[in-house]
Structures are given as C-alpha cells and as structure tokens.
Amino acid sequence: MVRGLLWILAAVLLGGIVHLSTVLAMPQAAKQDAYSRLASLSPVNAMEPLASTKAGAEIMPFMDPAFATAVCRYDLSGGPLKLTAPVSQAYTSVTFYTRRSVAFYAINDRAAGRRTIELDLMTAAQHAQVPEDEEVTAADRLIIESPTTMGLIVLRALAPEPSLMPMARQALAAATCRIQPQ
Amino acid sequence: MRLLFGSCFTLLIAAALGLGATWFTLTRGVAFGALSIGAWKAWPKSGSADIDPYARAMVARTGELPTGMGDGVAFYARTDKAGNVFDGRCTFAVSGMTPAARYWTVTLYTPEGRLVPNTIDRYGFTSEEIVRDNDGRFTITVAPLARPGNWLPTGGIEQFVLVWRLYDTAIGVATRTAKEGPMPVIERKGC
Numbered sequence: 000m001v002r003g004l005l006w007i008l009a010a011v012l013l014g015g016i017v018h019l020s021t022v023l024a025m026p027q028a029a030k031q032d033a034y035s036r037l038a039s040l041s042p043v044n045a046m047e048p049l050a051s052t053k054a055g056a057e058i059m060p061f062m063d064p065a066f067a068t069a070v071c072r073y074d075l076s077g078g079p080l081k082l083t084a085p086v087s088q089a090y091t092s093v094t095f096y097t098r099r100s101v102a103f104y105a106i107n108d109r110a111a112g113r114r115t116i117e118l119d120l121m122t123a124a125q126h127a128q129v130p131e132d133e134e135v136t137a138a139d140r141l142i143i144e145s146p147t148t149m150g151l152i153v154l155r156a157l158a159p160e161p162s163l164m165p166m167a168r169q170a171l172a173a174a175t176c177r178i179q180p181q
Numbered sequence: 000m001r002l003l004f005g006s007c008f009t010l011l012i013a014a015a016l017g018l019g020a021t022w023f024t025l026t027r028g029v030a031f032g033a034l035s036i037g038a039w040k041a042w043p044k045s046g047s048a049d050i051d052p053y054a055r056a057m058v059a060r061t062g063e064l065p066t067g068m069g070d071g072v073a074f075y076a077r078t079d080k081a082g083n084v085f086d087g088r089c090t091f092a093v094s095g096m097t098p099a100a101r102y103w104t105v106t107l108y109t110p111e112g113r114l115v116p117n118t119i120d121r122y123g124f125t126s127e128e129i130v131r132d133n134d135g136r137f138t139i140t141v142a143p144l145a146r147p148g149n150w151l152p153t154g155g156i157e158q159f160v161l162v163w164r165l166y167d168t169a170i171g172v173a174t175r176t177a178k179e180g181p182m183p184v185i186e187r188k189g190c
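Going line by line, the protein sequences match chains Z and F.
Residue numbers for the first sequence follow numbering that gives the first Met the number 0, beginning at 0 and rising by one.
Residue numbers for the second sequence follow numbering that gives the first Met the number 0, beginning at 0 and rising by one.
Don't take each hint at face value.
Straight line, CA to CA, 30 angstroms or less: simulated DSS-like cross-link-like pairs of lysine-lysine [to be verified]:
#1 F:K188 - Z:K53
#2 Z:K30 - F:K40
#3 F:K44 - Z:K53
#4 Z:K30 - Z:K53
#5 F:K44 - Z:K30
These are computed hints drawn from the structure, not numbers from a lab.
Chain F with its partners taken away, still in its complex shape (with noise of 0.2 angstroms):
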C-alpha cells in the first residue's frame, strides 16, 4: 500500500516538475549562450547547425525562423538599460551607435512577433532611412503618440519587444564585450 502510495505521488510530482520545467524555458526564453550587449540580447548560435536544444524547442514552438549566421544577427531588448520592461503606454528613447555592419534594422513587436498596426505603416527604421544628427549619431523615439524625428509607434499596447538586425556584421559568436560592439542605450523618458 505504502509502495503505490509512494510511487504514485512520485511521478505525479516528476511530471508536474518535468512538464513545468519545460513549458517554463519554452515561454520565458531560456537559451544557452547568449550574448548581452546593455538591455540587448542576441543568441548568434541560434542561426546556425550548433543551435541549443532549448532554442530548438523554442523555434519549433512559436514558428519562426532564426537567423541565419551567415546572414545576420538579431538583438533582443524587452526592458530599458535600467530594467524596466517595455509598456506601450511610456515613452522610451533608444540612442547611440551601433556595431559596424553593412545594414540594420530595428522593429517592434507584440512579446508574440506580431507587428503592431499603426496609421503610418512604420514597424521599424532601417540604417537608411534612420534621421541621424550632425555626428552620425541618432535617437528614436518609441511613443504611443506621434513625435518629431524618428518616432517608432507602439500602439499603446502593454508590453513591446525590440529587434535589432545586423546584417553582415562581424557581431557574432567570437564577440564577448560591448567593446567590440557598442550598442543603442535604451532610456525610459515618462509614462
């Protein structure tokens, strides 16, 4: 009695932890290797044959497509330098420099990957077509409503994801500091 008693509650609680574990690592995001330049977050590996098998996991599951390391590197930020998490309803201002690379974009999601619908069709700025001033710096501006410059519209919405892309960019698995790539800084400026 004693024995079924013990070796039911033992695998009710291992399949309680182990489908707790991993539905955890799969909606929070656990990757091994990642590299974090300030708030940004890119996992290089990821675009490659070597890829974890959390990141494989994770890929299978939400359905997008990595990129590839030949191609580019895509930098997440979900919170500002001082860790305050993305809220549509705030103003946050991203500026600085970026690593050298031949072009970048940088868009903004839904925690999802969905884009956010807008009047201006604006989801993002390119390298191009990026406002810069007089030093080749610049600073967007990610508001719900419109402003001067390079604005980047949230929608409002509660909780918004930055991706940043360099494509053909020396940025990659051999970088390991911000020195070597130093990257916008994310500054929450009101809510």
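This is chain Z alone, in the form it adopts within the complex (with noise of 0.2 angstroms):
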C-alpha cells in the first residue's frame, strides 16, 4: 500500500518535471512562431510592409486589420541598426521582438515625440563601445539594447478608418532600419 502510494507520488513529481521542461523548451521547438512565418516574405536588415490583413491572408494570429504593418528581421552580428520610421497622420508604433517573440521593448509616436522616430538597436556589447561623449552630444538619440542578437521589429500605422489606409501605407513605406558598422 505505502509502496503504491509511493510510486504515484513519484509519477507524479516526475510529470511535473516533464510538464515544466516541455513548457519552458516550447519557444525553442516551435517551427510555426512569428519569426519563422516572416522569414520567407521578409529579408534580413530591411524593411518590408507587409500585405494587408484580410481574412484568408493573415501572416501571424491575432493581427489589428486596423493597423499597416511592416517588419524588419534583424540580425545585429555586423553592427547596430537604425531605424527611421515617418509617423504616419494617426498613431504609429514601434515593437521590438527577440527571436523567440517575447517583446522588450515598445514605443509609440507620441512618446517618441517627433514627426520621425529614430532609433538606434544595439546588443550590449555593441552599447558599451558607444563613446560616452557621442552618447551625450546625441542626446536626443535613441538606444535600444536588444537581449539577442536576432529579432523582429514591427512597425504598425493606424488606418482610422478603411478609407485612410493606403496613407498608412504610404507612411510605412518610408521607413528603413539599416546596419551602421561600428
């Protein structure tokens, strides 16, 4: 009897081992995330506005329809990135997204507070090698340190009403995010 309890006691210790390994190794074997959805329709260090969100046509789950989007997959190993983005007349936002989705960092238009939003990403290691007095004469310059040396930036631009989204297109289609080489 304390024999078979034991047993089930162990089963059950060991299955919550398996459930919290599986859980926490997810981001990892995931083949359909966000990232590997884009990797075919976007290239590396530039931007790319993204088809319209139509039913039957959405790149990821759970899209805003509202919104134009445009993404830039980004590999920071040969130098930080900028990235320059005209506000559109509505609102526009920046989201910066690891490899594995996770979002560390998001701005929007207004919090950037100009016509442009101008931001520099860069890893850690890339920030210390900033001169400090760089640092301080630019200091309305943005920096962004990114937790990997990989990841998503996704630029949206709210179309207020369906009639105004080829200008939130528009807007889109001029913002860049290019390497600058240390």
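Join the two chains, each given in its own frame, into one complex according to the hints.
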C-alpha cells in the first residue's frame, strides 16, 4: 500500500518535471512562431511592408486589421541597426521582439516625440563600445539594447478608417532599417 | 519484476501527466497575472520582457506577436457577461464606455485568431469610425445578419473571440479594478 503510494508520488513529481520542461522548451521547439512565418516574406536588416490583413491572408494570428504593418528582421552580428520611421497622421508604434517573440520594447509616436521615429538598436556589447561623449552630444538619440542578436522590429500605422489605409501604408513605405558598421 | 513494473508504470503516468498538463495549459490559454474587467481579460505583462513562461510557450506555438506594453493593451472576451460562450449564430450587443486611450480597435476572430470573411470586409471597428449616440456611448451589434448601426458580422461561425485593443493608454500592469477602466458590457440578445 505504502509502496504503491510512493510510486504514484514519484509519477506525479516526474510528471511535473516533464510538464515544466516541455513548457520551457516550447519557444525553442516551435516551428510556426512569428519569426519563422516572416522568414520567407522579409529580408534580413531591411524594412518590408506586409500585405494588408484580410480574411484568408493573415500572416500571423490575432493581427489587428486596422493597422498597416511593416517588419524588419534584424541580425546585429554585423553592427548596430538604425531605424527611421516617419509617423503617420493617426498613430504609429514600433515594437521590438526577440527571436522568440518576446516584446522587449515598444514605443509610440507620441512617446518618441518627433515627426520621425529614430532609434538605434544594438546589443549590450555594442552599446558598451559607443563612446561616452557621443552618447552625450546625441542626447535625443534613442538607444535600445537588444537582449538577443536576432529579432523582429514591427512597425504599425493605424488607419482610423478603411479609406485611410493607403495613407498609413505610404507612411510605412518610407521607413528604413539599416546596419551601421561601428 | 515488481520494480520493473513499478518504474514502467511510473514513467508512463509521468509522461501522460506532464504532456497532458502542457497540452491543456497551452491550448486553454492559461497565463498568470490576468487583468479581468467584466468578461474581458488582458495580460499586459505578456507585452514585455516579464512575460511568464506559459504565455511565452503559447505565443511561440500560435505564432502571434503580443501587443507591446508601450504600444497598448489587448483585452480578450470569449463569453458575454453571463458566461454564454460567443456563438456566431446568436446576436450579442457590446455597449457602454471604454477606458481612456488615444485610439481603440475591436476585432472579431475565430478562436484560432483568424479573421472571418464577409461581404462588406468588416472585421471590426476603430474608435474613429464607430457611430455614437448623443452622450458619446455606442452599441455594437455582433450578429450573423446585417443590422442597422454598428454591425459586426460573425459569418455564422460556431465560436468567435472579440479582442479590444487600447492604444496609448494608462491601462496596464498597474490597473487593478474595473473602476479605473470601464470596459464595454456584452449581452446576448437572442439566438
């Protein structure tokens, strides 16, 4: 009786370990995550506007169809990246995701406070190499540290009405993301 | 012999329990730190580096990109206020007020996050295009057949999900109660 209970206890404990390890391994094992879905649609270190979100043509689940979207799949191994995005008339936001879809930073046009959103994305090691005086002189320069070398930048522009979608798409078309060798 | 039998039994049960629990939590959408306002639920932390391991696994599995915390917050509803699951063959009314935000959008999805095709290409509303009454309130009628006013077509699908996204808002991890963020009330009107 006691022995049977011990076996069951062992099974439950082991089951807990299996559960936790599969949950933790899922981001690495997932084949259909956002980055993989975008890999065939967008080049590395360049801004790529996505087709508008329509029924039957969604690239990712739960995308907001009121927004025009552009993505930049980045790889910082060649140096820091410079992102420039003109803001649209309504609302524009930039969200940074790691290779495993963790949104580590997001900013909207109002928080960026200018007519163009300008950001420098770099790894912690690259940030450490930026000369201090340069960082001071460029006080309005926004530096974002990426926890991973690879990831996604997603630029979204709102079309408050469907008829304004071309305008939102136009604003995104002028956005760039480029590697700036150090 | 008894030892062998016992360990095989233990391993089998452990695998079934562990994988079963993983499958259950990832398909049901179990995530910690949900902010509930009426029938609406949001996970503001999922849009930051503090995302919990369950939400991370779920996001990786489905392939979605969570709304970033500096961008906005997304509220999900799968039932009305009485707990009736959203059935696309029924009529639901979504009315009332929203928390302060620069813009909001509401979108109807299948449970898998796909848009529902319809003849007028209407997948949702934005705060700018919604028709309001004199005191600024609005009612959205979610129904399979065309309705006057703000009609959101369901396409008659078996089950749907509504997602309310607030952009540039103070609602987030610090929000605790419905008083800080009054969300629209959802009621089933008929089937």
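Legend entry - Hints breached by this structure: The structure breaks none of the hints.
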